[in-house]
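Student: Build the full structure now, drawing on both the sequences and the hints.
In the working numbering, the protein residues as written are 37 to 191.
For the record, the hints were derived by calculation from the structure and aren't laboratory data. Computed from a prediction, not measured in an experiment: that's the story for all the values here. Treat the hints loosely; a few may be bogus.
What the hints assert, rightly or not - What follows is a set of in silico ranges between Cβ atoms, one per label pair, in the way DEER data are often shown:
hint, residue 1, residue 2, range
1, Asn-79, His-41, 36 to 42 Å
2, Gly-154, Leu-102, 38 to 44 Å
3, Phe-63, Leu-127, 29 to 35 Å
4, Gly-68, Arg-117, 48 to 54 Å
5, Thr-38, Asp-152, 33 to 39 Å
6, Val-64, Ala-150, 25 to 31 Å
7, Arg-71, Pro-188, 50 to 56 Å
8, Pro-118, Gln-69, 22 to 28 Å
9, Thr-151, Leu-187, 45 to 51 Å
10, Pro-118, Phe-57, 30 to 36 Å
11, Val-116, Val-65, 42 to 48 Å
12, Gly-67, Arg-44, 29 to 35 Å
13, Ala-145, Phe-63, 19 to 25 Å
14, Phe-63, Leu-102, 26 to 32 Å
Heads up, the beta-carbon is just placed ideally off N, CA and C, and yes, glycines get one too.
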Amino acid sequence: MTANHYIRRETLVNVAINCFFAALFFFVVFGGQDRVPVWGLGNWVFDFIPQSFMIALLGTIIPGALAAKRLRAGAVQALVRPSPLPRNLLLRALLLAVVSAVIGATAVALLMTATDAGHLEPLPALLLKIGYAALLSIVITPPGLRAALTLPAAA
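Tutor: Right, dumping it as structure tokens:
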């Protein structure tokens, strides 16, 4: 299988999984509330910090480990263009997770500041969390997989 086909397929899988977990955790954290509070510790905007971190962390580690295994088995073609991301899977995942948490939560906070909303109705709050999970998966998964599928430089 070509690396590009593999990356597209695994990105779609990652999108589906992260959307499911975004919905699940939304119901665990905010389920049963008539209105979802936007601001404050543990509330909607704050929740984008752990959501971003975990989507990027697990969305890099799990697909990256599977890609490396498939690359070693010859089931997927290697990429020859070097990746700017660290070769070490855990370091790569942590880097993407921290950057995602900082940028993602900051962007959401800035957008919500512009709306001046103190609460959200549950359905829009849920759909925004799911949409964010999909978007972050689409942004994070391909570069993580490209790094995993890149052959190490010859010594």
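Student: It remains to establish, for every hint, whether it holds in the given structure.
Tutor: Hint by hint, here is what the structure shows:
Against the hinted window of 36 to 42 Å, the Cβ-Cβ separation of Asn-79 and His-41 comes to about 41 Å, which satisfies the hint. A hinted range of 38 to 44 Å holds for the C-beta pair Gly-154 and Leu-102, which are about 42 Å apart. A C-beta distance of roughly 33 Å is found between Phe-63 and Leu-127, which places it inside the suggested range of 29 to 35 Å. Remark: the range hint 48 to 54 Å for Gly-68 to Arg-117 is upheld by a beta-carbon distance near 49 Å.
The hinted window of 33 to 39 Å between Thr-38 and Asp-152 is violated, with their beta carbons roughly 48 Å apart. Distance hint for Val-64 and Ala-150: a CB-CB separation of about 28 Å, consistent with the stated range 25 to 31 Å. Restraint check, Arg-71 to Pro-188: a C-beta distance of roughly 52 Å satisfies the suggested window 50 to 56 Å. For the hinted restraint 22 to 28 Å between Pro-118 and Gln-69, the CB-CB distance of approximately 48 Å leaves it violated.
A hinted range of 45 to 51 Å for the beta carbons of Thr-151 and Leu-187 is consistent with their spacing of about 47 Å. Under the hint 30 to 36 Å, the C-beta atoms of Pro-118 and Phe-57, about 32 Å apart, fit the expected range. For the hinted restraint 42 to 48 Å between Val-116 and Val-65, the CB-CB distance of approximately 44 Å keeps it satisfied. At roughly 33 Å, the beta carbons of Gly-67 and Arg-44 sit within the given window of 29 to 35 Å.
Taken as a hint, the range 19 to 25 Å holds for the pair Ala-145 and Phe-63, whose Cβ atoms sit roughly 23 Å apart. The supplied range of 26 to 32 Å is met by Phe-63 and Leu-102, whose beta-carbon atoms lie about 28 Å from each other.
Checked against the numbered hints above, the structure breaks hints 5 and 8 and satisfies the rest.
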